[in-house]
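Undergrad: Read off the chains here:
There are 2 protein chains.
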Amino acid sequence: MTAPPPQTVLDQLPEALDKKKARQRRFKGLAYCHFIDDWRHIPRGTAVFGRQVVYGYPHIGRVLALEAGLKAHFRAPFWAEEKINGFNVRIVQIEGTPIALSRGGFVCPFATDRLPDLMPLSVFEEHPEIVVCAEVAGPDNPYLESFPPFVRHDVRLFVFDLMQKDHNRFLPCRDKTEITDRHTLPTVPQYGYFTLENVAEIRAIMLRLNEQWREGLVFKEDSDRNHRAKYVTGNVNIDDLRAAADNLLELPAEYFTNRLLRLILFAEENGLPVTPEMERMLGEALLQGLHGAFDKFSRERKVYTTFRCRFREKDNAEILLDHLRRASHGIKIQKRRLERDGAHWLLEFDRIYPALTGMLGDLMAGKMIYD
Amino acid sequence: MTAPPPQTVLDQLPEALDKKKARQRRFKGLAYCHFIDDWRHIPRGTAVFGRQVVYGYPHIGRVLALEAGLKAHFRAPFWAEEKINGFNVRIVQIEGTPIALSRGGFVCPFATDRLPDLMPLSVFEEHPEIVVCAEVAGPDNPYLESFPPFVRHDVRLFVFDLMQKDHNRFLPCRDKTEITDRHTLPTVPQYGYFTLENVAEIRAIMLRLNEQWREGLVFKEDSDRNHRAKYVTGNVNIDDLRAAADNLLELPAEYFTNRLLRLILFAEENGLPVTPEMERMLGEALLQGLHGAFDKFSRERKVYTTFRCRFREKDNAEILLDHLRRASHGIKIQKRRLERDGAHWLLEFDRIYPALTGMLGDLMAGKMIYD
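These protein sequence lines are chains A and B, in that order. Residues 11 to 381, numbered by the numbering used here, are exactly what the first sequence covers, in order. Residues 11 to 381, numbered by the numbering used here, are exactly what the second sequence covers, in order.
Don't take every hint at face value.
Note that identical chains are pooled: a pair holds if it fits in a single copy or bridges any two copies.
List of simulated lysine to any residue pairs, SDA-like, C-alpha gap at most 25 Å [claimed, not checked]:
1) 342 <-> 264
2) 38 <-> 97
3) 81 <-> 208
4) 29 <-> 289
5) 81 <-> 114
Hints were generated in silico from the structure; no laboratory data involved. Everything numeric in this text was worked out from a predicted model, so none of it was measured.
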């Protein structure tokens, strides 16, 4: 986290806007800017509200070998927290209203809308400058098909870091815990405080998480440099492949090969034999996902995934759809329904994948390909 | 097949050499040139020996839907021949000596060496101008890890077309059969003569080939235009994925996604349900291949595949190794042994995959990656 101080971010914003490294946006009358790429040490996702800077959430490096990775990168004891399979938000109070920023730095109309359902907002009364870094995860979210097995309905929020506006660093872990405890903020599961002597214990936790199809751990060093690393389970790669199968042609092909490699490395490094059951689960994830895509194409001439999510305010659902339509790079967003569902509005929409839809159309019509 | 006449190929050769679209080579004192790309309608692989032109073997288009593909592309009855999982050669007699040209147009030292073992060469006495187009396939070949299940040892040759020097067209199927029969040339299995009414029968053949893990069929129209198409089984994709798994990072990632798509399309189009057994076989192909790579890396710090092949003449083995070393784009070729084996010389060599070797080395050392 070597980003420049907030005054420098403000000074460089006009040039960043000019060079299309940052852009201006508006959410319900709230004007702001956000950096859409890493630029001059300003992290992607950094958002600027007037003269307040909310720094982007930094990348966390991934290790694929647990023991070697910890030994290569950690010099002090560290905490192990659960990595949650959701989307990253930073929640800040701007002009008295809490909003949720996406990883990329835009105001997420969905998470912002649902904040009162997801966490106690009292923390902003005592700490108006705080930036709550959290994962929003669950089956009913507008962005991702995969979700943690223990969130069976709607979405939940899991806090994993606290920052402050205008400060490009995390609060130390003990300060974070003090605040999250006092305000009963929902946090990611904590697995303890470890040293490099405890690798066997950490490995046992990882194997348990793997069996439960959970995503993995993030390690956070107890030091000023607050060094981090993440390590994920093998099975979450199978989940990712299943979720991505109908999206085969829109994702970079490396998405698939990377996850295969991570899966085998997890098995090898943790001494898990490649069992027929593991083989079947991998094959099933790939084939059932593709079968589903083909099935949809056969019946409806399009390959799509249906997403659903709930809102407190109807207009936020429309703002989300507008946002997705602008940001979806050729993937078509089609509303199915937006209707009352108890205290909420239930939105259902399809993400229609043009590349696979087009390719299946061509191939089913007998198109000849030269490869 | 709209390539220019041989005189034009000869006229354009100096410019092609100049523009690096063709290159000069030498095989044991025989000088020749070959086109390394399609260029001005001259197909890649076209080779020039003095003033004799051997045209490149044209691409055959692939259909992924059998019935729609045949109906879209065939206007007359057609033959169905088996597609053999090997490497393509064109065999010609130059200055009285038969040589085998690779698809790319270089003289293959392996196939050339083995020609007397693979086919009766008497055909060149009666037809000195003939170009025999064939697949060389089997477990002991220097290029490919996959091979047909019915070739259990060494390699065999399967003729599928005849051309003539200086003529950019195939001999009609009946003329081809007359010559291959008379000279007892080994041919690809023939499945018959069909019309568009016979799709069910062809589908039954494909399903049988699929059960036998054979590659598929090539359809050749009985007409002047001699139109062709190929259609492969689902299972051969699983074989390909198994063979490619340790080569994960050297191949384009689309290699994997394309084969997954072909596999599911074959199942869907032929009404094969996605069974747990199919799932397991796909998962096994991917995971066992990667497990093998990891295992080699753990023991020997390198990921490689061992190839073996037999030669009649020892120097041809050395010429092959030289050729592979020049042509292998960063993949390291390491000789294991070259020794007498009955009437032949047995060559064993490793293809060492630098990308996966390097990546596993980094990751096992705990390298952190940002993705």
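Undergrad: Taking the hints in turn, state whether each one holds.
TA: Hints, one by one, checked against the model:
Taking the closest pair of Cα atoms, residue 342 and residue 264 come within 25 Å of each other both inside a single copy (23 Å) and across two copies (23 Å). In this assembly of identical chains, residue 38 and residue 97 lie within 25 Å of each other by CA distance solely inside one copy; the values are 22 Å within and 63 Å between copies. For the homomeric pair residue 81 and residue 208, the shortest alpha-carbon distance inside one copy (11 Å) is at most 25 Å, but the shortest distance between copies (65 Å) is not. In this assembly of identical chains, residue 29 and residue 289 lie within 25 Å of each other by CA distance neither inside one copy nor across copies; the values are 48 Å within and 49 Å between.
In this homomeric assembly, residue 81 and residue 114 never come within 25 Å of each other (Cα to Cα): the closest approach is 31 Å inside a single copy and 49 Å across copies.
Hint compliance for this structure: hints 4 and 5 are broken, all remaining hints hold.
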